[in-house]
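Between the sequences and the hints, there should be enough to build the whole structure, so can you do that?
Protein chains in written order, with our numbering: chain A, 1 to 167; chain B, 1001 to 1106.
A few of these clues could be false.
Derived CB-CB ranges, DEER-like [to be verified]:
1. Gly-109(A) to Leu-1104(B): 40 to 46 Å
2. Leu-1104(B) to Leu-152(A): 28 to 34 Å
3. Ala-122(A) to Ala-1088(B): 48 to 54 Å
4. Leu-150(A) to Arg-1093(B): 24 to 30 Å
5. Ala-1088(B) to Pro-2(A): 46 to 52 Å
6. Ile-54(A) to Asn-1063(B): 17 to 23 Å
It is worth saying that the hints were derived from the structure and are not from the lab. All C-beta atoms in this analysis are idealised placements derived from N, C-alpha and C, irrespective of residue type, glycine included.
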Amino acid sequence: MPAFLFWIFASLMLVFGAGVIINRNPVASALNLVVSFLGLAVLFISLGAYFIGIIQVLVYAGAVMVLFLFIIMLLDLRAEKLRRINWIAFGGGSAVALALFIQICCVIGRFKPASQTFPPLAKSTTDDVHQIGMLLFSNYNLPFQIIGLLVLVATIGVVVLSKRELQ
Amino acid sequence: MATLGDYLVVSGMLFTIGFAGVMLRRNIIIIFMALELMLNAANLSLVAFSRFHSGTNGAPNYNAQVFLFFIITVAAAEVAVGLAIIVALYRLRQTTHVEDINSLKF
Chain A
1 MPAFLFWIFA
11 SLMLVFGAGV
21 IINRNPVASA
31 LNLVVSFLGL
41 AVLFISLGAY
51 FIGIIQVLVY
61 AGAVMVLFLF
71 IIMLLDLRAE
81 KLRRINWIAF
91 GGGSAVALAL
101 FIQICCVIGR
111 FKPASQTFPP
121 LAKSTTDDVH
131 QIGMLLFSNY
141 NLPFQIIGLL
151 VLVATIGVVV
161 LSKRELQ
Chain B
1001 MATLGDYLVV
1011 SGMLFTIGFA
1021 GVMLRRNIII
1031 IFMALELMLN
1041 AANLSLVAFS
1051 RFHSGTNGAP
1061 NYNAQVFLFF
1071 IITVAAAEVA
1081 VGLAIIVALY
1091 RLRQTTHVED
1101 INSLKF
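Structure representation (structure tokens):
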């Protein structure tokens, strides 16, 4: 992928990601998050992870965002009313986030391979989904079953939590 | 061609945006969305590293993609449970503002 396409989609992702935390209206935040995740999916595809890119669009931009919007509209949340901003907390939070970013940049700056480009990929003879499926059902069979159990437990947990009376 | 460092910096910026959202916002649903941003930033750097470590003959490394499959599944389960907790909380207190929910027992 040419460098300018990378920067276009990366900045799209970052701008809309910033929109998520800047918007006052939760619906606008959720829609910003969708665009941000679409940009991220393009970045995954640019790294050759086609399957993950498609899954990202299906699961995040599809299912998870519908869930978010559904809950926002169920709770009937309006744009937040302006409250008195606690400037000390605001400044402290921004300072901590800035410090984290500076630290990340320092670590990446000292990391030697960071300035190298990616090695070329050979033309693959089998498709991505096939390879991942093979790996999933051979090497990672036990984690796959555990994840199935986890999803079952999450389903039951959600049903219990959503019951009208919590005894 | 974008380098590995470019992907890592972009991923770090996305993580910082999510972190700032968790620190600065007071609406519990938006805090939850910012958590998702942080999770996805970590995914991006994982995939970038896996692409960087592809095999000597140019064969792609699929282990990270299987990990990512697991991570996305866990994240989807987490979103479902988290939103159910938010709905239960809203039913009790009629608010999503974290400063109104500051007692453990009521």
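_Violations among the numbered hints_ = none
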